[in-house]
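K.L.:
Listed below, chain by chain, are the residues.
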Amino acid sequence: MSLVSEPAVFVKDLHARRGRNPVLHGLSLTVPRGLVVGLIGPSGCGKTTLMRSIVGVQLVQSGEVTVLGRPAGSVSLRNRVGYVTQDASVYDDLTVRQNLKYFRAVLGAPASDVDRVIDATDLGRYAGQLAGSLSGGQRSRVSLAGALLGSPELLVLDEPTVGLDPVLRVELWELFHRLAAAGTSLLVSSHVMDEASRCDRLLLMRDGEILADDTPAGLLASTATDDVEAAFLSLIRRHPSPEDRSPGDAGPGVDGPTSTGGAR
Amino acid sequence: MNPRRTLATAGRVLTQIRHDPRTIVLLLVVPSLLIGLVAWIFADTPVFDRIGPAMIALFPFIVMFLVTSITTLRERRTGTLERLLSMPLGKGDFILGYTLAFGLLAVIQSAVAVGYAVWVCGLTIAGSVWLLLAVAVADAVLGTTFGLLASAFARTEFQVVQFMPALVFPQILLGGIFLPREQLPETLRIISDWLPLSHAIDALQAVASDSQDAAYIGGELLIIGAWIVGAVVLGSITLRRRTP
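Protein chains in written order, with the numbering used here: chain A, 1 to 264; chain B, 1 to 244.
No lab work stands behind these hints: they were computed from the structure. Watch out, some of these pointers could steer you wrong.
Here are a few chain A residues that face chain B, going by a calculated C-beta distance under 10 Å [unchecked claim]:
1. V57
2. V60
3. R78
4. G82
5. T95
6. N99
7. K101
8. F103
9. A105
10. L107
11. V170
In this text, all values refer to a predicted model and were calculated from it rather than measured experimentally. Backbone N, C-alpha and C define an ideal beta-carbon position, used for all residues, glycine too.
Using the sequences and the hints, build the whole thing.
P.N.:
Structure representation (structure tokens):
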């Protein structure tokens with residue numbers, strides 16, 4: 001058993017390439033337990049590579065990634081961590097229910113879980129439809145439902161709300177907070193700045209580095225701005241330009257997140 | 001590896017195919033149609049009785065190779081494989097699940113092809129039809145496992161389709177259909193001795209003419225079985241949980 005006081009995710013000096021491109025250059029961060037942590041940054045900044053490293057499907061060059069007290073990718077983590085890829089990873093030629101039944105069998109979760117996650121993601125109406133016949137937003141909800149099976153302790157969600165109806169988006173964020181209240185830790189990525197205010201904590205990411213690790217209120221206070229977009233811009237101006245850094249070389253100053261005042 | 005997860009995977013693959021009736025019809029009908037065409041071409045000659053058994057080896061092998069390689073490649077490309085490998089699914093569960101599902105289809109496909117060749121096209125089988133079916137099934141499963149392996153080395157659908165001529169055609173050319181294997185140049189004959197399709201064709205021809213005993217057929221089946229196991233093991237090794 002791991003200690004509850006341990007963080008959900010602890011990353012230290014992580015270097016990783018996606019394909020041949022160096023994407024993460026000595027990144028460090030901590031995701032506390034039982035909170036909804038937003039990983040906010042533009043497309044291509046390394047959010048997916050970081051999430052893949054945490055889930056243990058990314059080949060990393062160096063660095064430490066500890067998840068729920070164990071090295072990322074450990075066998076014992078495989079049914080304690082739920083992962084939703086950016087593109088819905090579901091079988092288009094199976095119905096919603098058949099998809100979930102299969103993932104449930106692989107996870108060894110209780111049979112009643114299928115109905116529970118269908119309800120939680122409001123997919124009841126589509127349960128008998130082929131996933132391939134659904135809209136993009138509905139398919140990504142099926143993908144999310146799959147990650148909720150077996151009630152994992154950590155959920156890693158890569159842009160789960162892209163393309164969703166605003167009402168549904170609000171409902172999903174409410175679901176994330178209900179899960180967090182029940183003790184689940186969530187790391188949710190987004191490139192939409194206005195979703196940042198819905199998170200308990202924020203990790204602002206750019207060019208493979210964490211620019212800030214703070215609560216939304218703390219971030220606005222420390223940058224003297226009134227929205228996350230402006231705070232992000234202010235941090236980028238403060239931060240040395242990434243062009244100064246030679247590729248693949250983590251020079252001094254990029255070995256940890258720049259704290260912006262929030263308690264770690 | 002865990003039998004429950006292997007069977008769940010096999011069941012899932014079969015459910016996917018059930019939603020695609022056209023594929024099922026093509027799988028079951030195309031080999032028989034091709035065998036029928038070959039029989040018709042050689043209708044007024046004794047050739048069909050010589051090459052007919054080889055046709056039973058050939059078409060199911062090719063069809064299963066293509067279907068399996070494309071299905072598993074699709075799984076790699078749509079992200080479902082990445083999802084499964086982040087879950088407690090063993091690599092062996094994945095490969096064996098696919099082998100079981102397509103193996104079952106191969107049994108049905110081979111049964112249809114053998115039945116059609118024997119009862120409709122009038123292929124003379126001096127030996128046991130059951131033994132003929134056993135070799136045909138082993139051969140179709142061989143196509144399945146080769147397809148699984150090929151998909152590991154292909155990044156796109158275009159590449160995987162090219163593997164068909166690269167891996168399958170040399171085996172057809174050297175398998176004794178065009179020229180009996182004894183008459184091949186020495187080097188090619190030795191190479192052909194190592195290729196699994198040669199043994200499948202030899203075994204089918206031996207059953208058809210009843211020229212060898214069951215022990216010989218069993219030996220040939222063992223060689224094909226060794227190739228199947230080898231391809232499954234190699235396929236599991238090439239499946240990586242962590243990718244760059």
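K.L.:
A separate judgement is required for each hint: does it hold in the structure or not?
P.N.:
Taking the hints in turn, this is what the structure says about them:
Of the supplied interface hints, the one on A/V57 holds, with its beta-carbon coming within about 5 Å of a beta-carbon of chain B, less than 10 Å. Nearest Cβ of chain B to the Cβ of A/V60: about 8 Å, under the 10 Å cut. The hint holds. The restraint placing A/R78 at the interface with chain B holds, with a minimum CB-CB distance near 4 Å, inside the 10 Å limit. The closest approach between the C-beta of A/G82 and any C-beta of chain B is roughly 9 Å, which is under the 10 Å cut-off, so the hint is satisfied.
Checking A/T95 against chain B by beta carbon gives a least distance of about 8 Å; that is within 10 Å, so the hint holds. With a least beta-carbon distance of about 9 Å to chain B, the hint placing A/N99 at the interface is held under the 10 Å criterion. Of the supplied interface hints, the one on A/K101 holds, with its beta-carbon coming within about 8 Å of a beta-carbon of chain B, less than 10 Å. Nearest Cβ of chain B to the Cβ of A/F103: about 7 Å, under the 10 Å cut. The hint holds.
Annotation: A/A105 was flagged as interfacial toward chain B, and the flag holds, the nearest CB pair being 4 Å apart, inside 10 Å. For A/L107, the interface hint holds, since its Cβ comes within 10 Å of a Cβ in chain B; the closest pair sits about 6 Å apart. A cut of 10 Å between beta carbons decides the hint on A/V170: the least distance to chain B is about 26 Å, and the hint is violated.
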